[in-house]
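Novice: Sequence:
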Amino acid sequence: IAVDIQPEMIEFLEKKEKKLGITNVEAHLGTVDDTKLKPESIDAALMVDAYHEFSHPREMMESLFKALKPGGRIILLEYRAEDPTVPIKPLHKMTEAQSRKEMEIVGLKWKSTDSKLLPWQHLMIFEKPAKK
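With this note's numbering as the guide, the letters of the sequence shown map in order to residues 1 to 132.
For the record, the hints were derived by calculation from the structure and aren't laboratory data.
There may be inaccurate statements among the hints.
[Claimed, not checked] Below, in silico cross-link-like pairs of lysine-lysine (DSS-like), each with a Cα-Cα straight-line distance of 25 Å or less:
{"hint": "1", "residue 1": "Lys36", "residue 2": "Lys89"}
{"hint": "2", "residue 1": "Lys131", "residue 2": "Lys69"}
{"hint": "3", "residue 1": "Lys101", "residue 2": "Lys89"}
{"hint": "4", "residue 1": "Lys38", "residue 2": "Lys69"}
{"hint": "5", "residue 1": "Lys109", "residue 2": "Lys69"}
{"hint": "6", "residue 1": "Lys38", "residue 2": "Lys66"}
{"hint": "7", "residue 1": "Lys36", "residue 2": "Lys116"}
{"hint": "8", "residue 1": "Lys66", "residue 2": "Lys101"}
{"hint": "9", "residue 1": "Lys38", "residue 2": "Lys109"}
{"hint": "10", "residue 1": "Lys66", "residue 2": "Lys16"}
{"hint": "11", "residue 1": "Lys66", "residue 2": "Lys109"}
{"hint": "12", "residue 1": "Lys101", "residue 2": "Lys111"}
{"hint": "13", "residue 1": "Lys116", "residue 2": "Lys38"}
{"hint": "14", "residue 1": "Lys89", "residue 2": "Lys116"}
{"hint": "15", "residue 1": "Lys18", "residue 2": "Lys36"}
{"hint": "16", "residue 1": "Lys89", "residue 2": "Lys69"}
{"hint": "17", "residue 1": "Lys16", "residue 2": "Lys36"}
{"hint": "18", "residue 1": "Lys111", "residue 2": "Lys66"}
{"hint": "19", "residue 1": "Lys89", "residue 2": "Lys109"}
{"hint": "20", "residue 1": "Lys109", "residue 2": "Lys36"}
{"hint": "21", "residue 1": "Lys131", "residue 2": "Lys116"}
{"hint": "22", "residue 1": "Lys66", "residue 2": "Lys89"}
{"hint": "23", "residue 1": "Lys111", "residue 2": "Lys69"}
{"hint": "24", "residue 1": "Lys36", "residue 2": "Lys15"}
[Unchecked claim] Just the calculated beta-carbon pair ranges, DEER-fashion:
{"hint": "25", "residue 1": "Lys109", "residue 2": "Thr23", "range": "31 to 37 Å"}
{"hint": "26", "residue 1": "Glu82", "residue 2": "Lys18", "range": "41 to 47 Å"}
{"hint": "27", "residue 1": "Lys19", "residue 2": "Leu91", "range": "32 to 38 Å"}
Ideal placement from N, C-alpha and C gives every residue a C-beta, glycine not left out.
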């Protein structure tokens, strides 16, 4: 499942899928504060250099939290703000501490961070707690 808030990107993806004969990707149009995904419908979500761009991060993450199955994971890649040598504008970077705080506010639990896998980004994994 691919979610975007821009109809043009959904259209682009659907055309690309058709051209390449890809049949296992579903494109979904969300809004700035809602993924529009069904509750407990996904096992994981991957966000690459996207979270810091959200205009309504808390609302979007609450929507994503609802869409995750219990035990589901968020894989978040963001440019490391802790490293001044990362060649990207500061407004496009996030610290690990900031990321952890914002994910924990919506109920996600931090599992791990790898800051060495990629040259400039953190790879952080958060998990929705399993139901008790």
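Novice: Please verify whether Lys38 and Lys69 have alpha carbons no more than 25 Å apart.
Specialist: holds (10 Å)
Novice: For a C-alpha distance cap of 25 Å, please report whether Lys131 and Lys116 respect it.
Specialist: With a Cα-Cα distance of about 32 Å, the restraint between Lys131 and Lys116 is violated, given a limit of 25 Å.
Novice: Is the hinted pair Lys38 and Lys109 satisfied, with a Cα-Cα distance of at most 25 Å?
Specialist: holds (21 Å)
Novice: For the pair Glu82 and Lys18, does the Cβ-Cβ distance stay inside 41 to 47 Å?
Specialist: Given about 42 Å between the Cβ atoms, the range holds.
Novice: Decide if the proposed pair is consistent with the structure: Lys89 and Lys69, CA atoms, cutoff 25 Å inclusive.
Specialist: Given pair Lys89, Lys69 is violated - Cα atoms ~35 Å apart, limit 25 Å.
Novice: Quick one, are Lys111 and Lys66 close enough, alpha carbons at most 25 Å?
Specialist: holds (19 Å)
Novice: Holds or violated: Lys131 and Lys69, Cα atoms, limit 25 Å.
Specialist: With a Cα-Cα distance of about 9 Å, the restraint between Lys131 and Lys69 holds, given a limit of 25 Å.
Novice: Given the hint that Lys101 pairs with Lys111, test it: the Cα-Cα distance must not exceed 25 Å.
Specialist: holds (13 Å)
Novice: Is the Cα-Cα distance between Lys18 and Lys36 25 Å or less?
Specialist: holds (23 Å)
Novice: Keeping to a limit of 25 Å between CA atoms, is the pair of Lys66 and Lys16 held or broken?
Specialist: Violated, at roughly 29 Å.
Novice: For a C-alpha distance cap of 25 Å, please report whether Lys101 and Lys89 respect it.
Specialist: holds (22 Å)
Novice: Within 25 Å, alpha carbon to alpha carbon, are Lys38 and Lys66?
Specialist: holds (8 Å)
Violated hints for the displayed structure, listed by number in ascending order: 1, 7, 10, 13, 16, 19, 21 and 22.
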